[in-house]
Amino acid sequence: GAVVSQHPSRVICKSGTSVKIECRSLDFQATTMFWYRQFPKKSLMLMATSNEGSKATYEQGVEKDKFLINHASLTLSTLTVTSAHPEDSSFYICSAATRDRTYEQYFGPGTRLTVT
Amino acid sequence: AQTVTQSQPEMSVQEAETVTLSCTYDTSESDYYLFWYKQPPSRQMILVIRQEAYKQQNATENRFSVNFQKAAKSFSLKISDSQLGDAAMYFCAYRSSRTYKYIFGTGTRLKVLA
Numbered sequence: 005g006a007v008v009s010q011h012p013s014r015v016i017c018k019s020g021t022s023v024k025i026e027c028r029s030l031d032f033q034a035t036t037m038f039w040y041r042q043f044p045k046k047s048l049m050l051m052a053t054s055n056e057g058s059k060a061t062y063e064q065g066v067e068k069d070k071f072l073i074n075h076a077s078l079t080l081s082t083l084t085v086t087s088a089h090p091e092d093s094s095f096y097i098c099s100a101a102t103r104d105r106t107y108e109q110y111f112g113p114g115t116r117l118t119v120t
Numbered sequence: 007a008q009t010v011t012q013s014q015p016e017m018s019v020q021e022a023e024t025v026t027l028s029c030t031y032d033t034s035e036s037d038y039y040l041f042w043y044k045q046p047p048s049r050q051m052i053l054v055i056r057q058e059a060y061k062q063q064n065a066t067e068n069r070f071s072v073n074f075q076k077a078a079k080s081f082s083l084k085i086s087d088s089q090l091g092d093a094a095m096y097f098c099a100y101r102s103s104r105t106y107k108y109i110f111g112t113g114t115r116l117k118v119l120a
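Here the protein sequences come in this chain order: A and B.
Counting in the working numbering, the first sequence runs from 5 upward without gaps.
Counting in the working numbering, the second sequence runs from 7 upward without gaps.
No false leads were mixed into what you were given.
Calculated lysine-lysine pairs in the DSBU-like style (CA-CA distance at most 35 Å, straight line):
id : chain 1 : residue 1 : chain 2 : residue 2
1  : A       : Lys-59    : A       : Lys-24
2  : B       : Lys-79    : A       : Lys-45
3  : B       : Lys-76    : A       : Lys-46
4  : B       : Lys-107   : A       : Lys-18
5  : B       : Lys-107   : A       : Lys-24
6  : B       : Lys-107   : A       : Lys-45
7  : A       : Lys-46    : B       : Lys-107
8  : A       : Lys-24    : A       : Lys-46
9  : A       : Lys-68    : B       : Lys-107
10 : A       : Lys-46    : B       : Lys-61
11 : B       : Lys-117   : A       : Lys-46
12 : B       : Lys-61    : A       : Lys-45
13 : B       : Lys-79    : A       : Lys-46
14 : B       : Lys-61    : B       : Lys-117
Calculated from the structure, these hints are not laboratory results.
All chains, please: the whole structure from these sequences, using the hints.
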């Protein structure tokens, strides 16, 4: 149990366009989802925390208008990178947690975004 | 603010030998969780082992065990009988019981030599 999926696994988009990444908890209801960004050979950096039905809480330095997060249901959260630029190219990882599982985070497989 | 430090960017171990990865953390909280995650080349984060701060007994999972020293704020991972499949990046993580956020260390790349 506790499987989290992400779609797409890889995406290439042109500079100035927007791209949406989906994160789904497949076999449990996630009251909280987290979005991370990972640069090559670096650690995971928390971007934002989203709770179902409420606005996401962004970490300091993360542009909320650029990285739009929606957590519309207990099994789905989306991250939209708006007006993407090459510097947004990165590996994005989501995780899902729930009170029933003591808020332990279960990680998705990640999405590699390349902006050309 | 909490911090997690992994002072070993890279470690090597011979197959079947034992290796210990270091992790220290800083916090003023008394209740928290600590984790070790493995990230293989696929980039999927895999939970290796977890430790609740209120438990004095060190967690073990098959070949993986931790040495949790709460007073010293140290949380090292010991891998016994190392296997080629253990080669990966290993991240130490701290989870606040108050915010539920994870704070990750910078990672240790483990190489297993045949």
